[in-house]
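K.L.:
This is what each chain is made of:
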Amino acid sequence: MTAERHIFTMLVDNEPGVLSRVVGLFSGRGFNIESLCVAETIDPKISRITLVTMANPPVIEQIEKQLNKLINVIKVRDLSGDDAVKREMALICVQARPEHRAEILRIVDIFRCKVVDVGLAHYIIEVTGTEGKLTALLNLLRPMGIKKIARTGTVALLREPN
Amino acid sequence: MDAARLEPRVPASSADPAPLLSGAQILMAALRAEGVDTIFGYPGGAVIDLYDELARSAIRHVLVRHEQGAVHAADGYARASGRTGVCLVTSGPGATNTVTGIATAYADSIPLVVITGQVPTHLIGNDAFQEVDIVGITRPCTKHNYLVARTEDLARIVREAFHVAASGRPGPVLIDLPKDVVNRRIAHAPLTDPIRLRAYRPNYRPNKNQLRKVLALVAEAQRPVIFAGGGVIRSGASAELTALARRIQSPVTGSLMGLGAFPGSDPLWLGMLGMHGTYRANMAVSHADLLIAVGVRFSDRVTGKTDAFAAQARIVHIDIDPTSIRKNVPVTIPVVGDCRLTLETVNQMMGAEAPDGLAAARRPWLDRIGEWQRAHKLAYRQGETIKPQFVVETLHRLTGGRAIVTTEVGQNQMWTAQFFHFDRPGQFITSGGLGTMGFGLPAAIGAQMAFPDQLVLDIAGDGSIQMNIQELATAVQCGLPVKVVILNNGYLGMVRQWQELFYDKRYACTRMDHQPDFVKLAEAYGALGLRATRPEEVEAVLARGLAAPGPVLMDVLVEREECVYPMVPAGAPITEMLLV
Ligand SMILES: Cc1cc2nc3c(=O)[nH]c(=O)nc-3n(C[C@H](O)[C@H](O)[C@H](O)COP(=O)(O)OP(=O)(O)OC[C@H]3O[C@@H](n4cnc5c(N)ncnc54)[C@H](O)[C@@H]3O)c2cc1C
Ligand SMILES: Cc1ncc(C[n+]2csc(CCOP(=O)(O)OP(=O)(O)O)c2C)c(N)n1
Chain X
1 MTAERHIFTM
11 LVDNEPGVLS
21 RVVGLFSGRG
31 FNIESLCVAE
41 TIDPKISRIT
51 LVTMANPPVI
61 EQIEKQLNKL
71 INVIKVRDLS
81 GDDAVKREMA
91 LICVQARPEH
101 RAEILRIVDI
111 FRCKVVDVGL
121 AHYIIEVTGT
131 EGKLTALLNL
141 LRPMGIKKIA
151 RTGTVALLRE
161 PN
Chain B
1001 MDAARLEPRV
1011 PASSADPAPL
1021 LSGAQILMAA
1031 LRAEGVDTIF
1041 GYPGGAVIDL
1051 YDELARSAIR
1061 HVLVRHEQGA
1071 VHAADGYARA
1081 SGRTGVCLVT
1091 SGPGATNTVT
1101 GIATAYADSI
1111 PLVVITGQVP
1121 THLIGNDAFQ
1131 EVDIVGITRP
1141 CTKHNYLVAR
1151 TEDLARIVRE
1161 AFHVAASGRP
1171 GPVLIDLPKD
1181 VVNRRIAHAP
1191 LTDPIRLRAY
1201 RPNYRPNKNQ
1211 LRKVLALVAE
1221 AQRPVIFAGG
1231 GVIRSGASAE
1241 LTALARRIQS
1251 PVTGSLMGLG
1261 AFPGSDPLWL
1271 GMLGMHGTYR
1281 ANMAVSHADL
1291 LIAVGVRFSD
1301 RVTGKTDAFA
1311 AQARIVHIDI
1321 DPTSIRKNVP
1331 VTIPVVGDCR
1341 LTLETVNQMM
1351 GAEAPDGLAA
1361 ARRPWLDRIG
1371 EWQRAHKLAY
1381 RQGETIKPQF
1391 VVETLHRLTG
1401 GRAIVTTEVG
1411 QNQMWTAQFF
1421 HFDRPGQFIT
1431 SGGLGTMGFG
1441 LPAAIGAQMA
1451 FPDQLVLDIA
1461 GDGSIQMNIQ
1471 ELATAVQCGL
1481 PVKVVILNNG
1491 YLGMVRQWQE
1501 LFYDKRYACT
1511 RMDHQPDFVK
1521 LAEAYGALGL
1531 RATRPEEVEA
1541 VLARGLAAPG
1551 PVLMDVLVER
1561 EECVYPMVPA
1571 GAPITEMLLV
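If you read the sequences in order, they're chains X and B. Each residue of the first sequence is one higher than the one before, starting from 1 at the first, in the numbering used here. Each residue of the second sequence is one higher than the one before, starting from 1001 at the first, in the numbering used here.
Next up, chain X with everything else stripped away, as it sits in the complex (with noise of 0.2 Å):
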């Protein structure tokens, strides 16, 4: 059986031990985590997990129902299908040679982000997008030399019906 990316987003109370409940579930039972985002929701008593996960059907079956099972999330939703918006944010640092400053800013133009952060070496950029934006970015930018990455990894939501 081959393994299968997914992506689960979850209601859960906004409450201490919460996070660590779900993250331990996740070590105790042997299942990946890939990223992991949480924050606060509109109504303050509740955050949204964001949770990317590898595994074989039967082991995502198992995930989701053992999340519905912990008694502070709320509501759990597999949005692995076309119909949610996946973004991803991350900041990177990238040398930048003299020879590389014009290409970078080209290429920052072509994907829409922004340099955040100007040193005499280097570029800080922010990029937001679906995670082949950000790979198709990084792999541009890989041979100026990245120096420093920060991923928030996905954040998902379901879209609304029209």
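Since the hints were made in silico from the structure, they are not lab data. Only a predicted model underlies this, so the values are computations on that prediction, with no experimental measurement involved. Be careful, since some hints might not be right.
[Stated by the list, open to error] One-sided excerpt, in silico: chain X residues whose CB lies under 8 Å from chain B:
no.	residue
1	Gly17
2	Gly24
3	Gly28
4	Gly30
5	Glu61
6	Gln62
7	Gln66
8	Lys69
9	Ile71
10	Asn72
11	Val73
12	Ile74
13	Arg77
[Claimed, not checked] If you want the footprint, here are the derived chain B segments under chain X, 3+ residues with CB under 8 Å:
no.	stretch
14	1039-1048
15	1366-1378
16	1484-1491
Positions of the beta carbon are idealized from the N, C-alpha and C atoms, including for glycine.
Go by the hints and put chain B with the ligands onto chain X.
P.N.:
Then chain B with the ligands, alone, in the frame of chain X:
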């Protein structure tokens, strides 16, 4: 002196002021409201105020000798009575001592509420004296747990905890109570609003469409087997299960946790399934065309090699916890629901009258099972030495099969499962999922608290009994007449068996060359000690011990190198049994 005690912060009172109550008083009232009549526990600094209040309440307290014993005793109380067991212990070491007991209850889905003391909230995180993060430690082995941050939350949390522990798939819930939360006085009115747990709604009522499919499979089946587990006992579904089995003329097997769910004396009973299951149960499941699994979780001790498990059968799986379904084996018809409600609905949909010719149609299947039964009965060879199986059989006979029986873990547990035929739910109390040595004696104490007038027996190994032997003092102090029968083989027998069968008889570190004199030990505790060393003494010694008024420890010196058979080597198909 606690600062919080000196300066109670009283909320502005309304027209009709509620009385000022301390957290301790609120807790006792909340426990009474849940119908708690017995607490198993051990005091200490962080709970001294709670104990002060407890001593003034109508709740009985059983002072154990080790906090692990408190949890197992509450667990035994819960398994025997079907009610939620309650423990109270202090912070730090008191709390950590409960962990094995909590994990034991969690593995077997037993409802418990464990209350631990905690250092005052302003000291949490400071490495205060006797501070441990027990909520963090027990997160993976509780159904849910709480740190009570405010006295105002206490009554609500207690009510939620009891609800969560006992509903759906039951399990242990821990409440960590900081000392200042216990001592603070607040204006408190009893709770009136309903429990609000928006994310917790166990699904009791099965989907009828699924049940129609089940009925269709049952109608087609030539070779059905019902497989009953702990869920049948937890949900009180024995009568419904028995009615179903008789109505569709299906033989019934059980997991270790399901023993007693179906009468062990019924002709449709196959005995236990799995690693130490009977030959006929393992063969029947392996040849069945329909397996109706009720309140089981298909543990590895049951399935052996999963690909080969019930390979010819379509599987119906009824369970209240969706995570149990399709976790270990594929299932044809999943039914999420409570065992009792589900079986009741199935029985109603089916009607009481069996179709004409059902009995005749079932004959070939039941005959085949009869052949398996005759081919390999549960058996042992009598000899010069006392056979442990003979001891269990004799206990069954002398008690008329009516005792509540707990076990320790290992061979003693398996022989009890095989040779003591349980007829009713709650009669057999054993640590199945975690396999916790030292469980049996405190669990027997708990069961005896629930049923003071019944005979409660712990069938023990000489290794396991020493893991919580101190609880003999509890039994003596509380006047609980539990009877312990040690099947003394001078080995960690079950491990020795594996070494004999799979490690060329290299008995690495399993021989107990020095054991206490159990008779003198019993006497030292103030209990009666008895010993049997030859087969002809067994009956008289057991009869005398069972009839004696107080707690008794019977040391029975059994054959040292007896093995439990049948045995399926771990991971093999369950048809590949090592037999006597
Ligand atoms: C030395 C040793 C040897 C062992 N050998 C064997 C062996 O040979 N055979 C064997 O069977 N076991 C054996 N065991 C025990 C084994 O480890 C498991 O504990 C046992 O098989 C689990 O039983 P169960 O499937 O009934 O599940 P339980 O652990 O009792 O779980 C109960 C199931 O019922 C569900 N449930 C709970 N309440 C309800 C409800 N109200 N409605 C519906 N469903 C509900 C739960 O969700 C769960 O899925 C052995 C243990 C030891 C220590
Ligand atoms: C707390 C704990 N430690 C270790 C084990 C591993 N173990 C399983 S059975 C067993 C032997 C038990 O020996 P004894 O109590 O003498 O019972 P017997 O098998 O001889 O009947 C051991 C050590 C366990 N189940 N529990």
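K.L.:
All hints, please: hold or fail.
P.N.:
Hint-by-hint comparison with the structure:
1. Gly17: Because about 7 Å separates X/Gly17 from the closest Cβ in chain B, which is inside the 8 Å limit, the hint holds.
2. Gly24: 6 Å, holds
3. Gly28: 5 Å, holds
4. Gly30: 12 Å, violated
5. Glu61: Nearest chain B Cβ about 6 Å off; hint holds.
6. Gln62: 6 Å, holds
7. Gln66: Nearest chain B Cβ about 6 Å off; hint holds.
8. Lys69: Since chain B brings a Cβ to about 6 Å from X/Lys69, closer than 8 Å, the hint holds.
9. Ile71: 5 Å, holds
10. Asn72: 7 Å, holds
11. Val73: 6 Å, holds
12. Ile74: Hint on X/Ile74: holds, closest Cβ of chain B at ~4 Å, below 8 Å.
13. Arg77: It is violated, given that the least Cβ distance between X/Arg77 and chain B is near 14 Å, above 8 Å.
14. 1039-1048: violated (count 0)
15. 1366-1378: violated (count 0)
16. 1484-1491: With 0 residues close enough to chain X, the hint is violated.
Consistency note: the structure conflicts with the earlier hints numbered 4, 13, 14, 15, 16.
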